[in-house]
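Kindly generate the complete structure, drawing on both the sequences and the hints.
Chains as they are written, first to last, in the working numbering: chain A, 1 to 94; chain B, 1 to 116; chain C, 1 to 138.
Hints are not guaranteed to be accurate.
Here are the simulated lysine to any residue pairs, SDA-like style, with alpha carbons at most 20 angstroms apart [stated by the list, open to error]:
id : chain 1 : residue 1 : chain 2 : residue 2
1  : A       : K89       : B       : M1
2  : C       : K127      : B       : F30
3  : A       : K89       : A       : A58
Partner residues are not named here, just some residues of chain A that face chain C (Cβ under 10 angstroms, in silico) [as the list claims (entries may be wrong)]:
id : residue
4  : R21
5  : S24
6  : G27
7  : T50
8  : D60
9  : D69
10 : V73
11 : D77
12 : G80
13 : M81
14 : E83
15 : T86
16 : I92
By construction, these hints were calculated from the structure, which means they are not laboratory data. All residues carry an ideal CB built from backbone N, CA and C; glycine is no exception.
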Amino acid sequence: MSEIQTLHILNKSPEHPRFARCLSMAGPEDAILLIENGVLGFAAAAPGGTTAKLLALAPDLAARGMDIDSRPVETIDYDGMVELTTRAKQVISW
Amino acid sequence: MSTLIVIDQPPYGGWAGREALDMAFSLAAFDQPVSLLFCGAGVNWLRKGQEPGQIRQKSVEKNLAAAPIFGVEALLADGDDCSRYGLGAEQLLDDVTLVQADSQLFANYSHTAFAG
Amino acid sequence: MQDSTSFSFTLVITGAPYSSQAPQSALGFAVAAIRAGHRVDRVFLYGDGVHLASALASPPSDEPHWPREWSAFLEEHGVPGVACIASALRRGLVDEGEQKRYELPASNLVAPFTIAGLGEWVEGRMKSSRTVYFHGTD
Chain A
1 MSEIQTLHIL
11 NKSPEHPRFA
21 RCLSMAGPED
31 AILLIENGVL
41 GFAAAAPGGT
51 TAKLLALAPD
61 LAARGMDIDS
71 RPVETIDYDG
81 MVELTTRAKQ
91 VISW
Chain B
1 MSTLIVIDQP
11 PYGGWAGREA
21 LDMAFSLAAF
31 DQPVSLLFCG
41 AGVNWLRKGQ
51 EPGQIRQKSV
61 EKNLAAAPIF
71 GVEALLADGD
81 DCSRYGLGAE
91 QLLDDVTLVQ
101 ADSQLFANYS
111 HTAFAG
Chain C
1 MQDSTSFSFT
11 LVITGAPYSS
21 QAPQSALGFA
31 VAAIRAGHRV
41 DRVFLYGDGV
51 HLASALASPP
61 SDEPHWPREW
71 SAFLEEHGVP
81 GVACIASALR
91 RGLVDEGEQK
101 RYELPASNLV
111 APFTIAGLGE
121 WVEGRMKSSR
131 TVYFHGTD
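Structure representation (structure tokens):
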């Protein structure tokens with residue numbers, strides 16, 4: 001994915017109202033990077049309700065004992081997070 | 001470079017909304033185009049007749065009424081959330097524009113931010 | 001691979017240390033930004049984030065000392081760190097100037113953080129390529 005319209009950085013758990021709102025606000029040209037408690041969105045299955053590309057921050061997955069090999073989620077580290085912010089036209093932290 | 005400041009938390013129980021308002025007013029003071037979007041429980045900022053004296057806080061109603069004078073371009077509120085919280089036209093402050101808070105709305109602004 | 005374009009970042013931290021991951025995530029990001037050859041123009045503490053500038057934080061020795069870690073980063077890379085004055089004063093984070101002005105018993109702002117108004121945030125947004133926010137969990 002080369003062009004990112006908006007990068008949404010979502011650090012809220014799936015229980016938080018902003019989780020669902022972020023997913024519904026993001027469009028197909030956007031990316032949502034789940035960090036901190038947000039990575040729990042991948043605990044059972046990839047979160048539905050969005051056409052945006054989903055990524056997760058690897059250190060936050062590891063912290064929570066979420067083995068990335070068994071989950072079909074693209075993971076990045078802080079270097080990747082920086083790169084995403086430079087590639088996106090806009091960055092919104094939820 | 002027009003900015004949307006989003007308030008999704010209600011007044012008086014927490015401070016994120018006041019801090020968002022300060023951000024919006026600061027941008028306006030520097031002649032930066034800015035609008036405020038109230039959604040979720042944040043629409044409760046827009047109810048008429050707030051009297052928080054008994055809980056030792058200042059009302060936000062006057063600040064919001066002054067927003068256009070200070071250069072905030074618009075007070076936007078999600079229509080569905082207003083309905084959910086019983087905010088009909090008579091309960092809402094003046095100068096509030098009802099909108100659908102969706103990706104189309106965000107696309108109108110080059111910057112969108114929450115205060116916390 | 002070196003980026004052909006160098007970006008500049010203003011980082012805004014609104015989550016407090018020991019109450020949220022905001023200071024840790026922001027530091028991970030900031031270090032990675034420098035590593036990639038970008039610049040961090042300034043770090044702005046807002047709301048509960050001002051607690052990151054406390055000189056009096058005393059976590060257990062086996063936990064990161066977040067104010068010191070951020071002080072070290074700011075000093076090593078010559079990045080200004082600013083705590084918003086309205087947020088800081090309310091929460092009891094004061095420098096010597098504010099201590100004198102309000103005749104307070106002490107000051108507690110850790111160097112090199114300074115106290116200033118939201119104008120610093122507005123300026124950062126205007127000058128930096130990107131402004132990235134690190135919020136708490138509420």
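- Given S24/A was flagged as interface, is its beta-carbon under 10 angstroms from a beta-carbon of chain C? Violated: closest Cβ of chain C sits about 19 angstroms from S24/A, beyond 10 angstroms.
- Message: Holds or violated: the hint that V73/A contacts chain C, with Cβ atoms closer than 10 angstroms.
- Response: It is violated, given that the least Cβ distance between V73/A and chain C is near 18 angstroms, above 10 angstroms.
- Item | Interface hint compliance - D69/A to chain C, C-beta minimum distance less than 10 angstroms | 22 angstroms, violated
- Hey, does the I92/A contact hint survive, CB to chain C under 10 angstroms? For I92/A, the interface hint holds, since the closest Cβ of chain C sits about 8 angstroms away, which is under 10 angstroms.
- Task: Take a quick look at whether K89/A and M1/B sit within 20 angstroms of each other, Cα to Cα.
- Result: It holds: about 12 angstroms lies between the C-alpha atoms, which stays within 20 angstroms.
- Any CB of chain C closer than 10 angstroms to the CB of T50/A? 20 angstroms, violated
- Message: Just to be careful: measuring from the Cβ of E83/A to every Cβ in chain C, is the smallest value less than 10 angstroms?
- Response: 7 angstroms, holds
- Item | Hint check: 10 angstroms Cβ-Cβ cutoff, D60/A to chain C | 8 angstroms, holds
- Query: Should the hint that G80/A touches chain C count as held when the rule is a Cβ pair under 10 angstroms?
  - Reply: The hint holds - G80/A has a Cβ within 10 angstroms of chain C, the shortest such distance being about 8 angstroms.
- Query: Can we keep the T86/A interface hint, with Cβ of chain C closer than 10 angstroms?
  - Reply: Because about 5 angstroms separates T86/A from the closest Cβ in chain C, which is inside the 10 angstroms limit, the hint holds.
- Answer holds if the nearest beta-carbon of chain C is closer than 10 angstroms to that of R21/A; otherwise answer violated. 14 angstroms, violated
- Pair hint outcome, K89/A versus A58/A [Cα-Cα no greater than 20 angstroms]: 23 angstroms, violated
Of the numbered hints given earlier, the model fails hints 3, 4, 5, 6, 7, 9, 10; all others are met.
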